[in-house]
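J.: If you read the sequences in order, they're chains A and B.
Here the first sequence is numbered in my numbering, starting from 1 and rising by one per residue.
Here the second sequence is numbered in my numbering, starting from 1 and rising by one per residue.
There could be a bad hint or two in this list.
With a straight-line cut-off of 30 Å between C-alpha atoms, the simulated DSS-like cross-links for lysine-lysine are [as the list claims (entries may be wrong)]:
no., chain 1, residue 1, chain 2, residue 2
1, A, K301, B, K174
2, A, K193, A, K284
3, B, K180, B, K169
4, B, K261, B, K169
5, A, K116, A, K92
6, B, K180, A, K301
7, A, K243, B, K276
8, A, K301, B, K276
9, B, K215, A, K301
10, B, K169, A, K243
11, A, K243, A, K301
12, B, K183, A, K301
13, A, K116, B, K69
14, B, K67, A, K241
15, A, K243, B, K67
16, A, K92, A, K241
17, B, K174, B, K69
18, A, K241, B, K69
19, B, K44, B, K67
20, A, K243, B, K108
21, A, K45, A, K55
Covered stretches of chain B, going by a simulated chain A footprint (3 or more residues, C-beta under 8 Å) [claimed, not checked]:
no., stretch
22, 64–75
23, 194–203
Have a look at the derived ranges for each label pair, beta carbon to beta carbon [unchecked claim]:
no., chain 1, residue 1, chain 2, residue 2, range
24, A, D57, B, M116, 44 to 52 Å
25, B, H139, A, Y344, 39 to 47 Å
26, A, V254, B, D172, 47 to 55 Å
27, A, P371, B, S96, 25 to 33 Å
Treat the hints as calculated values from the structure; they're not laboratory data.
Yeah, the Cβ is synthetic: ideal placement off N, Cα and C, and Gly gets one too.
Letter by letter, the chains look like this.
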Amino acid sequence: MLRILLCLAVCALLAGGPGAAAQTTLNPDISAITRFLVETDDGEKLDQGKREFSKPDLQFQEMELGLQAYLNPYARGDIFLSVQGPDVESAKLGLEEAYVTVLRGLPLDLNLRAGKYRVEFGKLNMTHPHGWAFITQPLVEQRFLGEDGLNDLGLSVSALLPTGDVYTRLTVDVLRGLSVPPAAGIEDTTGTKPLYAFSGRLSSFFTLDDFRDLEVGLSCYTGIQDPYNHERFWYANLDFKYKYRPGTYTSLVVQGEFLLNRRSASQNRQFVPFLNAAGNPEVKTITSSGLYLFADYQFMKIFSVGARYDWAEDPYGADDRASAIGVFLGYYPVEETLALRLQYQNTNTVSPGTTQSVNYIGLQLMFSLGPHKAHPF
Amino acid sequence: MKRIFGILSFVLLFPALSPATVRVVTSLPDLADIAQQIGRDRVKVDFIVQGDQNPHYVEVKPSYMMKLKTADIFFIIGMELEIWAPQLVDGSRNSSLLVVDLSRDIRKLEVPARVMDASAGDVHRYGNPHYWLDPRNIHIIADEMVEALARVSPGDEQFFRANADAYIKVIDGKIAEWEKLMKPFAGKKIVTFHQSWSYLAAWTGLEVAGQVEPKPGIPPSPTHTTELLTLMRQAKIKAIVVEPFYDASAPEQIARSSDAKVLRLSTSVGGVREAKDYITLMDYNLQSLAAALR
Numbered sequence: 001m002l003r004i005l006l007c008l009a010v011c012a013l014l015a016g017g018p019g020a021a022a023q024t025t026l027n028p029d030i031s032a033i034t035r036f037l038v039e040t041d042d043g044e045k046l047d048q049g050k051r052e053f054s055k056p057d058l059q060f061q062e063m064e065l066g067l068q069a070y071l072n073p074y075a076r077g078d079i080f081l082s083v084q085g086p087d088v089e090s091a092k093l094g095l096e097e098a099y100v101t102v103l104r105g106l107p108l109d110l111n112l113r114a115g116k117y118r119v120e121f122g123k124l125n126m127t128h129p130h131g132w133a134f135i136t137q138p139l140v141e142q143r144f145l146g147e148d149g150l151n152d153l154g155l156s157v158s159a160l161l162p163t164g165d166v167y168t169r170l171t172v173d174v175l176r177g178l179s180v181p182p183a184a185g186i187e188d189t190t191g192t193k194p195l196y197a198f199s200g201r202l203s204s205f206f207t208l209d210d211f212r213d214l215e216v217g218l219s220c221y222t223g224i225q226d227p228y229n230h231e232r233f234w235y236a237n238l239d240f241k242y243k244y245r246p247g248t249y250t251s252l253v254v255q256g257e258f259l260l261n262r263r264s265a266s267q268n269r270q271f272v273p274f275l276n277a278a279g280n281p282e283v284k285t286i287t288s289s290g291l292y293l294f295a296d297y298q299f300m301k302i303f304s305v306g307a308r309y310d311w312a313e314d315p316y317g318a319d320d321r322a323s324a325i326g327v328f329l330g331y332y333p334v335e336e337t338l339a340l341r342l343q344y345q346n347t348n349t350v351s352p353g354t355t356q357s358v359n360y361i362g363l364q365l366m367f368s369l370g371p372h373k374a375h376p377f
Numbered sequence: 001m002k003r004i005f006g007i008l009s010f011v012l013l014f015p016a017l018s019p020a021t022v023r024v025v026t027s028l029p030d031l032a033d034i035a036q037q038i039g040r041d042r043v044k045v046d047f048i049v050q051g052d053q054n055p056h057y058v059e060v061k062p063s064y065m066m067k068l069k070t071a072d073i074f075f076i077i078g079m080e081l082e083i084w085a086p087q088l089v090d091g092s093r094n095s096s097l098l099v100v101d102l103s104r105d106i107r108k109l110e111v112p113a114r115v116m117d118a119s120a121g122d123v124h125r126y127g128n129p130h131y132w133l134d135p136r137n138i139h140i141i142a143d144e145m146v147e148a149l150a151r152v153s154p155g156d157e158q159f160f161r162a163n164a165d166a167y168i169k170v171i172d173g174k175i176a177e178w179e180k181l182m183k184p185f186a187g188k189k190i191v192t193f194h195q196s197w198s199y200l201a202a203w204t205g206l207e208v209a210g211q212v213e214p215k216p217g218i219p220p221s222p223t224h225t226t227e228l229l230t231l232m233r234q235a236k237i238k239a240i241v242v243e244p245f246y247d248a249s250a251p252e253q254i255a256r257s258s259d260a261k262v263l264r265l266s267t268s269v270g271g272v273r274e275a276k277d278y279i280t281l282m283d284y285n286l287q288s289l290a291a292a293l294r
């Protein structure tokens with residue numbers, strides 16, 4: 001009996017005493033953000049000549065679990081685990097990001113990042129989808145970077161350049177090269193051999209006045225889409241973000257990106273060889289591009305409204321292209337712990353011989369618990 | 001030759017003879033004013049949060065990182081008021097930056113007795129951080145600043161100490177004046193939007209009877225507003241204190257239905273036109289309160 005009482009006393013001390021606070025401080029910050037989605041579109045039966053909206057269904061979209069903490073005075077670690085929907089029963093826990101960032105102690109005040117992470121390519125790619133003002137991924141990101149964005153294993157070095165009071169950062173990455181979809185498609189035949197890709201971004205932040213800020217960035221990425229034929233592709237990307245915040249609960253964000261793709265290819269995405277007029281195999285140089293532009297206006301503490309325009313060609317040909325116009329509404333009843341987003345989007349797809357127009361309506365419910373680090377500007 | 005040698009000696013010796021400039025960044029403009037009073041011409045002071053901005057929610061902007069990149073000292077209120085500060089410090093890449101939490105020796109109010117979770121709203125686990133609104137705490141803030149400034153520029157310690165003492169003397173004179181002004185209202189009840197005024201109320205003897213927010217950081221709800229209105233009518237509360245960055249529609253609705261007045265008081269320098277420094281900030285706040293409670 002005495003032993004049980006002693007055990008209980010020790011447990012009580014550990015739970016409520018100073019030790020509890022010390023343990024909390026050493027534990028990483030844990031956060032979880034979960035997204036659910038109800039969506040419908042009228043594109044399912046278009047090939048049967050019918051235009052009718054599909055039955056809306058509540059789907060599990062994603063649960064992201066974040067673990068973030070300083071490792072020591074010089075470095076911090078960030079881990080994001082993700083369970084992807086929509087199939088709840090067979091959903092598996094995946095590694096979205098896991099990286100260490102050395103923040104201090106390196107020459108020239110360099111920062112070093114190693115692990116698996118969302119690559120600093122463009123502006124939107126660095127933001128987790130729960131941080132977007134809209135539900136759907138812009139077409140240009142979807143087509144050129146893939147549904148999960150540019151997220152790869154690699155090593156990144158960044159430096160602040162001496163540009164006076166203007167914040168200018170240069171980031172260079174060496175990546176494993178298996179993130180971009182065409183390469184991932186070929187991964188099935190090459191195993192998991194690294195293909196190596198290189199990425200870089202130069203960005204500058206300008207404070208225009210007390211209420212207005214502007215960030216512009218130029219990124220480039222090069223990788224190999226077909227290791228058998230040594231075919232390389234290049235992306236160049238221009239991004240900007242403008243924010244006008246005249247009051248605590250009023251702000252306007254205008255953001256856009258333009259991506260230019262150039263690649264040498266002997267076959268298309270479906271591995272069909274390109275042939276010249278004489279019917280012999282040929283290597284084509286393909287140039288295509290895409291862009292998105294959106295504006296998001298927060299007009300009350302709990303409401304925001306916005307619109308987005310997308311236009312994108314295909315990485316393997318400019319004759320396959322799509323454009324979309326969407327409007328979206330955000331409702332944040334209690335800060336950012338709970339959010340509802342409603343989006344309508346009309347997407348027009350043009351490929352050789354076919355043209356399709358699809359209307360989409362989505363309603364997203366998101367809740368967030370725990371201390372999730374704020375996404376920077 | 002002798003002249004050239006003389007000029008060279010002067011040029012080489014001048015930096016050692018001239019007072020060093022300590023580059024200081026503060027989270028709030030109030031702290032910037034105090035740091036300026038202590039450091040005078042031997043400090044270059046800048047701050048992050050504007051006076052009319054909610055210090056709890058600050059966007060992590062690269063321009064703020066640039067302010068810290070070249071700074072020697074970053075003074076913060078602490079107690080998790082500036083939850084955004086670590087990201088700015090990390091982003092500044094300034095490994096020699098001295099980050100000074102000024103709350104170390106403050107007698108803290110409203111420290112939760114148990115571990116709190118989000119069901120209690122945005123409760124600060126180390127207590128209410130708005131301690132700079134009790135001017136008696138300026139002594140502690142000034143002492144911490146002198147200590148930090150002297151660490152960066154040891155040769156100027158006496159200069160900083162003398163300036164701090166002179167400033168504290170001025171503040172002590174104002175405290176006597178402010179206490180005299182507020183004495184008739186000791187025990188009077190007020191309602192505030194957020195729990196920003198606990199230190200000021202504890203010092204002046206005012207009683208904060210309730211908040212427009214049902215819980216810290218949580219927007220007003222109809223049920224809570226009705227309960228608050230009943231309380232205000234029963235207790236004949238005359239003033240609802242609202243910071244410039246909060247939406248005043250709910251307080252104004254409550255004021256219309258009761259015999260109260262909405263007071264737009266500022267927690268920081270620059271939050272209202274009259275608050276040009278810490279002393280005029282307190283002058284404005286206390287005179288406005290006194291006028292409303294009369």
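J.: Quick one, are K243(A) and K276(B) close enough, alpha carbons at most 30 Å?
T.: Holds, at about 28 Å.
J.: Can you confirm whether chain A covers the stretch 194–203 of chain B, using C-beta to C-beta distances below 8 Å and requiring at least three such residues?
T.: violated (count 0)
J.: What's the verdict on K243(A) and K67(B), does the C-alpha distance respect the 30 Å limit or exceed it?
T.: It holds: about 20 Å lies between the C-alpha atoms, which stays within 30 Å.
J.: Just to be careful, I want the Cα atoms of K45(A) and K55(A) compared with a cutoff of 30 Å; is the pair within it?
T.: Roughly 12 Å separates the two Cα atoms, so the pair holds.
J.: Run the distance test for K183(B) versus K301(A): straight-line Cα separation, threshold 30 Å.
T.: Violated - the C-alpha atoms of K301(A) and K183(B) are around 38 Å apart, more than 30 Å.
J.: Could one say that the CB atoms of V254(A) and D172(B) fall in the range 47 to 55 Å?
T.: holds, 51 Å
J.: CA of K92(A) to CA of K241(A), is that 30 Å or under?
T.: violated, 35 Å
J.: Given the proposed pairing of K261(B) with K169(B), does the C-alpha separation stay at or below 30 Å?
T.: Violated. K261(B) to K169(B) sits at ~34 Å, over the 30 Å cutoff.
J.: Would the pair K67(B) and K241(A) pass a check requiring their Cα atoms to be no farther apart than 30 Å?
T.: Cα-Cα ~21 Å, so holds.
J.: Does K69(B) sit within 30 Å of K174(B), going by the straight-line distance between their CA atoms?
T.: violated, 36 Å
J.: Note whether the CB distance of D57(A) and M116(B) lies within 44 to 52 Å or breaks it.
T.: Once the Cβ atoms are compared, 38 Å apart, the range 44 to 52 Å for M116(B) and D57(A) is violated.
J.: Does K243(A) pair with K108(B) here, judged by a C-alpha cut-off of 30 Å?
T.: violated, 37 Å
In summary, the numbered hints that this structure violates are 1, 4, 6, 10, 12, 16, 17, 20, 23, 24 and 25.
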